[in-house]
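Q: So you can see what is in the structure, the chains are spelled out below.
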Amino acid sequence: DAGVTQSPTHLIKTRGQQVTLRCSPISGHKSVSWYQQVLGQGPQFIFQYYEKEERGRGNFPDRFSARQFPNYSSELNVNALLLGDSALYLCASSWVVYNEQFFGPGTRLTVL
Amino acid sequence: SQQGEEDPQALSIQEGENATMNCSYKTSINNLQWYRQNSGRGLVHLILIRSNEREKHSGRLRVTLDTSKKSSSLLITASRAADTASYFCATDAAGGTSYGKLTFGQGTILTVHP
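Chains as they are written, first to last, in this note's numbering: chain A, 75 to 186; chain B, 296 to 409.
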């Protein structure tokens, strides 16, 4: 079975631009979570979606938004990019919210 | 803020030796999960241990959980050069609306020398 997939792999943007990152969960998984990992630190929780509803939001500004589609795939949008948004963005899926979360390879975002 | 704190921050050992990493956390949890990360790539899930469990094994991995001390340890036995990676503990805090939200520590960088 395919694992969690994310696209694109790498992305370079300039300050002020907007970006959309995509995630496809493991088949059968209904929960998708997004994390941001800056260099040298552990991942930080951004959002969790379960059955297309937002179930959790981390301490991130309103520039960050997400949604989950009927096929359980998800998009993370970041508006008005700042240099500090440069990070590895990780998507994780789980069957239900209390189970193991399996991570994708991540999208490396560089903001210039 | 970081819920889990790993110790040590870095660990360097020879192939064949055992590696032990510790994780402390602050609040009650539903479960604790250990992950491995190679060179800034995606996280690989190793083990999930629930709050009512004390010990779990998976191959060369052994995880213990002491909820009274709010701590966990990951033991890798007979380490290999391929085990070189960063290891993270992540807690799923109990109560409120935080279920399913994992809070990660800073990680332990393990280097296994051939």
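FYI, nobody ran anything at the bench for these hints, they're computed from the structure.
Each residue gets a CB set at the ideal place from its N, CA and C atoms; glycine is no exception.
There could be a bad hint or two in this list.
[As the list claims (entries may be wrong)] Restricting the straight-line Cα-Cα distance to at most 35 Å, the calculated cross-link-like pairs of lysine-lysine (DSBU-like) are:
id, chain 1, residue 1, chain 2, residue 2
1, A, Lys104, B, Lys365
2, A, Lys126, B, Lys365
3, A, Lys104, A, Lys126
4, B, Lys365, B, Lys351
5, B, Lys321, A, Lys126
6, B, Lys321, A, Lys104
7, A, Lys104, B, Lys364
[As the list claims (entries may be wrong)] Quick list of the computed label-pair ranges, beta carbon to beta carbon:
id, chain 1, residue 1, chain 2, residue 2, range
8, A, Glu125, B, Ala389, 31 to 39 Å
9, B, Thr322, A, Lys126, 34 to 42 Å
10, A, Glu127, B, Ala305, 38 to 46 Å
[Said to hold, decoys possible] Computed from the model, here is a short list of chain B residues facing chain A with C-beta under 10 Å:
id, residue
11, Arg336
12, Leu338
13, Ala377
14, Thr379
15, Ala380
16, Ser381
17, Phe383
18, Cys384
19, Gly402
Q: Which of the stated hints cannot be reconciled with the structure, identified by number in ascending sequence?
A: Those not satisfied are hints 8, 9, 13, 14 and 15.
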